[in-house]
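Chain by chain, the residues run as shown.
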Amino acid sequence: MKVGVLALQGAFVEHMAMLARLGVATAEIRLPEQLADLDGLIIPGGESTTIGKLAEKYGFMEPLRQFAQEKGIWGTCAGMIFLAKDIGREQPLLGVMDIVVERNAFGRQVDSFVMPLEVPVLGENGDGKRPFPGVFIRAPRLVAAKGEAQIITRLPDGTAVAAQQGKLLATAFHPELTDDDRFHRYFLRLLQHK
Amino acid sequence: MSENGQMNAQVANFKVKVGLAQMLKGGVIMDVVTPEQAQIAEEAGAVAVMALERVPADIRAHGGVARMSDPGLIKEIMAAVTIPVMAKCRIGHFVEAQILEAIGVDYIDESEVLTPADEAHHINKHAFKVPFVCGCRNLGEALRRIGEGAAMIRTKGEAGTGDVVEAVRHARAVLGEIRRLQSMPDEELMTYAKQIGAPYELVKQTKELGRLPVVNFAAGGIATPADAALMMQLGVDGVFVGSGIFKSGDPAKRARAIVEAVTHYNNPEILAKVSENLGEPMVGRTVMSLPESERLAERGW
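One line per chain: the protein sequences are A and B, in this order.
Positions 1 to 194 (this note's numbering) are the ones given, in order, by the first sequence.
Positions 1 to 301 (this note's numbering) are the ones given, in order, by the second sequence.
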């Protein structure tokens, strides 16, 4: 299996390190033709406006929409925003997940936080029920998940912060900034489903 | 991190401070002096802006005491864009930092570009919830700043010159010292820490990681896409561009080109393409021509 990490801007190295630790072949993706031999793709955290503009400029939009039809994509933070259909403002979006997202939903950097999360799907993956450390940095939130998209975890106050739609996964927080590899293993298992 | 998903509050706090800098990697942080410039920067793909009253080239030209910018201006810039906004305070001026934290900036640059307020001490950055970035010329200086709580480091370079030579010197110094540190046996680390004036635990951690424990950008004199890619190839995580964009002939175009150059820093064909027809670069001043008293990088202890 080979998993790419979109390396236009942001924290792609952290995802690559986590995948390498799990024994998966990885590649930094900077041009659309590099998507060809991948089984899955991670869109990392970073600035969603920067990633979107570079993706548009370098011809990624249609190839990524095509990729999402056949293979798995996981977006963390800025990646979640980029996957969404609607964020209530104008910027380049893939629109492949039927989710509504609000950017900077918790405020500015001084409002960034770490919060343990209950994530039932990780338990179903045979990974026990212990909470997952959610690192939220100028994070977005899910306003709504429609159609096939399902919310898979919420903050204690009910705010939705992760969703899944088939092999597409979106998290408002950053599993790549923790030592906990359960979300990465969950994504890898999704990629193995036919 | 413990098994049950909890982290103690202090560790969590430093993690989110460093975490924002991790999200800025592979990106360009641009100096802006008006809300309109901030929007041009965001539109061009900047990952953050540095809100200032004057870019470093004008601070040089203006002379006199350079202080924190008017909080009213910084707030206007914060309201104009969705990307993170940074602002500068003077070295050691912890009250300017308190003010910047109170208005909610996303990062504070304790910067040698402003006139230092303390000739011996930097701010205790652990005392703040907002993260700090600080300049350095070498590994010892970088680790002293991290010891004081900086969650991000940048080379100082020589701001407001458009001459990249000092940024190269400082990046080579930091990265070269890390390479030498990695080949040192552990029993030499304490003496090395003493020699470079750095906290022992951070020296040890840097050796183990093979890099600084926080994100490391280049700054000070970057004026072209090629300058930005040069710094990236030397091994930094991203770049600050100060006067280089809004002191050039076509700021929006140059800003876009530098953003693309940082992403594709290893692809000369793309670098050639984005470097075409950018108009006049900032005029610049060679660092060699600056008298000692005008060299900003000497500030910081």
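For the record, the hints were derived by calculation from the structure and aren't laboratory data.
One thing to keep in mind: the hints can contain errors.
[To be verified] Straight-line Cα separation of at most 27 Å, DSSO-like style, residue types lysine-lysine; simulated pairs: (1) Lys273/B - Lys57/A; (2) Lys194/B - Lys204/B; (3) Lys167/A - Lys146/A; (4) Lys204/B - Lys57/A; (5) Lys2/A - Lys167/A; (6) Lys273/B - Lys253/B.
Those earlier numbered hints the structure runs against, lowest number first: Those not satisfied come down to hint 4.
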